[in-house]
Amino acid sequence: MVPLSYYVILSVIVFVTGVVGVLIRRNIIIILLSVELMLNATNINFVAYSYYFQNITGQVFVFFALTVAAAEVAVGLAIIIALYRSKSSINVDEFQLLKW
Amino acid sequence: MTGSEPLLDYLGRYFSIVLFIGIALAFGVVTLLISYLVQPKYPEAEKLSPYECGSEPFSDARMPFPVRYYIFAMLFVIFDIEVIFLYPWAVVFDKIGLVGLVEMLVFIGLFLMAYVYAWKKGALEWD
Amino acid sequence: MTFTLTLSGADLLLLLPEMLLTVWLCVVLTMDFAMPRLPKDRLAYLSVAGLAGVLANLVWFDLAGIGGTLFAHMFVVDRLAVFFKIFIVGTTILVILASVDYVRRFRFFKGEYYFLVLMSALGMMFMASANDLLSVFITLEFSTFGFYVLVAYLRDDVASNEAGLKFFILGVFAAGLLAYGISLVYGETGKLVFSDIASPSATPGLVIGFLLIFAALGFKIGAVPFHSWIPDTYHGAPTPVTAFLSIAPKGAAFAILIRMFFVSLAAFKPAWVLLLVGASILSMTYGNIVAIAQRNIKRLLAYSGIAQIGNILIGLAAGTKMGGDAILFYLLTYLFANLGAFAIVIAVGNLIRSDEIEDYNGLNRRSPFLAFAMLVFLLSLAGVPPLAGFIGKLYIFLAAIDEGLYTLIAVGLINIVISMYYYLVVVKKMYINEPTDPSPLTISPPMKVVVYAGLAGTLFLGIYPQPAINWVVAATLMFSNLAGPAAAAPTLVLPIGG
Amino acid sequence: MLYTLIPLLPLAAFLILGLFGHWIKDRAHLVAVPAVLTSFLFSLFVFDEVAGGKNVTIPLYTWLTSGDLRIELSLYFDRLTAVMLLLVTIVSGLVHVYTIGYMHGERGYARFFAYIALFTFSMLMLVMADNFLQLFVFWEAVGLCSYLLIGHWYERQTARDAATKAFIVNRVGDFGFLLGVLLIWLSFGSLEYRHVFAQAADLTGETLNLLSPIGGTWEVSTLTLICLLLFLGAVGKSAQVPLHVWLPDAMEGPTPISALIHAATMVTAGVFMVARMAPLYNLSAAAMDVVAVTGTVTMVLGATIALTQHDIKRVVAWSTVSQLGFMMMACGLGAYVAGIFHLLTHGAFKALLFLGCGSVIIALHHEQDMRKMGGLKDKLPVTYWTFVIGSLALAGFPFTAGFFSKDEILVEAWSAGALGKTLATFALVTVVLTAFYSFRLVFVTFWGESRVDPQHAGHLHEPSRTMTVPLVILAFLSIVAGYAAIPDFLAPVLPGPRGLAIHHEHPAAGGMMAIAAVLGLVGIAAAYLVYVTSPGLPDRLARQWQRAYRLSFNKWYVDEAYDRAVVRPTVRLADRLWTWVDVAVIDGAVNGVARTIAWWGWLMRLVQSGQTQHYALGMTLGAVVILTVYLLL
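Residue numbers (the working numbering), protein chains in the order written: chain A, 1 to 100; chain B, 1 to 127; chain C, 1 to 498; chain D, 1 to 633.
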């Protein structure tokens, strides 16, 4: 049986990958994907813990996390389309009109 | 934190994770910083073009999809994902009885309204 | 594992306000697409009517003391929740009234605007009732989705797009942190309900988990260092949305923060006081100092909002029932003053199409009423007696003094002096400078209602705060058992003398 | 009921004018004047009742209660309150009447009345406060009204920053004041005067370690700290060094406001507060000394600066700064009764002087420069004579009100130990200076040849009746107020640190009276010599010398010598004091702090780079830093 800590370490790796992706990638879609990675790290944790505790709550959370992630993608895509229309670019660092 | 024996145990177990987070973050930050500091910044039209030497590109390699496609994709993602709520419901349907049925009907009813809205607004027309 | 699912009439009653609002927002949306010819202003008034019904329902809950929990303690109705729901619904009503003129400027999707506002309000009402971390996650996201769209609502406006982008990216990033934090807390305790996760020992997993949750909630309220989205988003968003965003979600987030810190983490007070003291000092100081350098009124109010959150965090840092009272009361004063100030910004923006502070020159000549109202709102935000803001600040400080947080109070008082400066710059421009265009300005009836409501609230809470105090004291009764005077103050905030 | 109506009437006037001002317009005075005058009548009744020795507390309503915290809004009447009520209602009533003429036809007539009614209400509530929070609230409220009224004439270029400056400087003082109030709450668990005063003695030995947050040790007596923090508020409000900078600038406001707020009432709130808190101050010798020395420094500084000003209102303003310092010195030396006595007489004659200035300014179409006045005494006889009476009172001329109150302070100060003697000496010097500048004002403005802009010279005339009548009444009060037995009346409620202080039979009393009178006369005579006998502005002297008016040769010579030996060094010193100490050091410090903060603001806003990913990075680093702190702690 795979020990719990393996799952946790996997989820940490995935989570940190997501965080770093958000911080360094310029393409908004990739940033969005990185956020999805963060949420998926959460899901790994929840499923692992849920199994470990023999407690269904964690799995319920996963369902909702998936839904939220889907909604995020939908809203995100809508915003990205609007941005692309106005700037013809989806590079995040080209949007810095508002500052200071 | 309340310092005690279990805490130290815990620290021991988590230390590698904290270290990992730290290293990973530092890596991200340092990479960003170095690339920012080191990169030569002499952008000019030639340099920004995809092939600095070789044949001229005659069109953008990335063909823009019609916006419609994205709208369909978004609607699909949303409606599709909600199905996952039907599975656990179906598993315990016989145990939760009428209340469960009514709740699911309300849930689906709300989706139906969203569907009608999208339809009415013309989001489902191909053009 | 077996469950039974039953919902009695009494259970459904607890959900009544939310159900009413759900039905109502469906009605609004349906009317929008089913009757395309209907003037969209009607939808605004329709929404307000529905919200008024919900408000009446909530007031009844409050008076009758109706309460209970639902769905395995995920959803709680108590007086605290009802207080925040009234707060949210009241804010929403005023925001919708303040939006009517602005929405006419939209070219598309006027009706959906009201739908989205109602939906966000619904999400925040659920936030106020959130009693476990799962519902925190869902309701937080639910309410934020509406805002993502609302912030980017001006489709042809680059600033609005950019504000939406920044809010969205940072918002989903914060959501990621929140979810991961919750997963860690779940991993340590196996539970999610606030009262169950009040674990006796602090393990690193729990610490990291709660810190990540705090980061997400700090993002929501705009506390330093999680504040960075606030100025840009406030600046670019349509002004009524900014007004909404600056008040309602913060109230709802405080409902969660109070439950989290006062219920789950009550045993660790000495540890988290440090965190809150730090966040409070940073927020007040950073917000106030940077606000001085602003030229756009929306940005100014954004930074001032960061500073105000710093003040509210003082109450949270006090960690007592009185601290809770003070937070609730402060939020009320903040609601009226900040919404009032934004209402003026909306009105002026509608009339002169500018949010630059420079363009407030000589406002007193152009509209004495607007200038006077703005004066009252800004002075209330600055905490000048006898306006509401003064009582709010006093309440917060007195709660903190009982806990021996003297350093925090001293910083807070210095910050009041600093904040005075930039509020007065605006006042000076309105009252003393010459207008470039002296034509008089008039405002529409719904806008007037909002400004009058703001004025009435600001004056009433300042001059006769007792009813409101009784209300907030009743709303936090469940925290009466919280530790009294400085049980164990952390080292940073040593009590002086004694 | 009668008691309650005193503040409520002005409040009602404010509400009516505020709500229906655009409709009432030019009839605003019909609302405001009767309200304030009725308040005055009621104050007379109250005075009569309180004079019987009974103290009255009337609870209005419970402002807020929560847990241990309970704050009532109530009205407290004792003899001190009674005399302050009279002062406020009289001066306010007269200023109201005066305003009818002064603001006639101006824009914002109704609004102006609304604000002064609001100010009157706030000031009344301030003096009637029976707890520290109420005191603080109305302390702020009068400041706010002052702010609104200074900024009233936004047409004036210079009015722009004055209002803001006044408010900000006062906030610095109020910061200390509020801190003091919080410390009182912490030490006594109550904010009501009677509880605090009753328990004050128990606190004498208590100390606070001010440096405990950073690990040091600096024990300070709690009472002293409370007194000093409260005094910081008084320093701001009563324009004491170093927070005095706002008062002269505040002269940009309309003149009736200068008379009401910046001479008679609001600025004296600091002195009133110190006197009211006498039971606390008496227990802290250190705090008293600080009060006395601050007052003396202010007194001397104000008087020297008043010597060289050209703006008629600024001379009077600096004189106010000086006189406030004088009162503060009295309080600091424990002569509360004398201080309040001088506060009252000063309220009368300084209001008179300001209103007189107002008449001159109106007659000259808003000319305030003394060099463009002169020879007005025949054109404005009523203004002139009342102004002379006011100046006599200010100079402490025998048998005017100012003479008695000044003398009272000097005698008390002289008998207050070594420090008292030193400070009293400074006060005597100030008496000369005061007499000199006040009569310089009279002579330059009203005597000599007219230097009035010929455009206005033709139709100079006395202002309307509504403006002259208040002048006459105030002139009357400036004389008779000295004869009222106010010190005896106040002595029971204002015990000094050495117990009840009535020593008219003090051996020094007669001598001091004579010295002060002589010094006052010397000052007046000096002013006469410099400004009348030889209308001797240096440049004009030089010109006339060249034209060789041989007949007056000797006289000129003497005068120039005098000028070189005495006047010029004094002028130069005063100028230096003003430019170096005031403009460079104090103004510089105040502005410097503000500029530094603003600069940080400009710098720190750069953190908000506009790059979304920098924000995300900031959030992450914030979380990591917090985490590190927690895991390592």
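Treat the hints as calculated values from the structure; they're not laboratory data. Mixed in with the good hints there might be a few duds.
[As the list claims (entries may be wrong)] With the Cβ distance kept under 8 Å, some of the chain B side facing chain A (calculated, not the full set): (1) G28; (2) L32; (3) L33; (4) Q39; (5) L112; (6) M113.
Ideal Cβ positions, reconstructed from N, Cα and C, are used throughout, including at glycine.
Against the earlier hints, flag every one the structure doesn't satisfy and list their numbers going up. Violated hints (numbers, rising): 3, 4, 5 and 6; every other hint is consistent with the structure.
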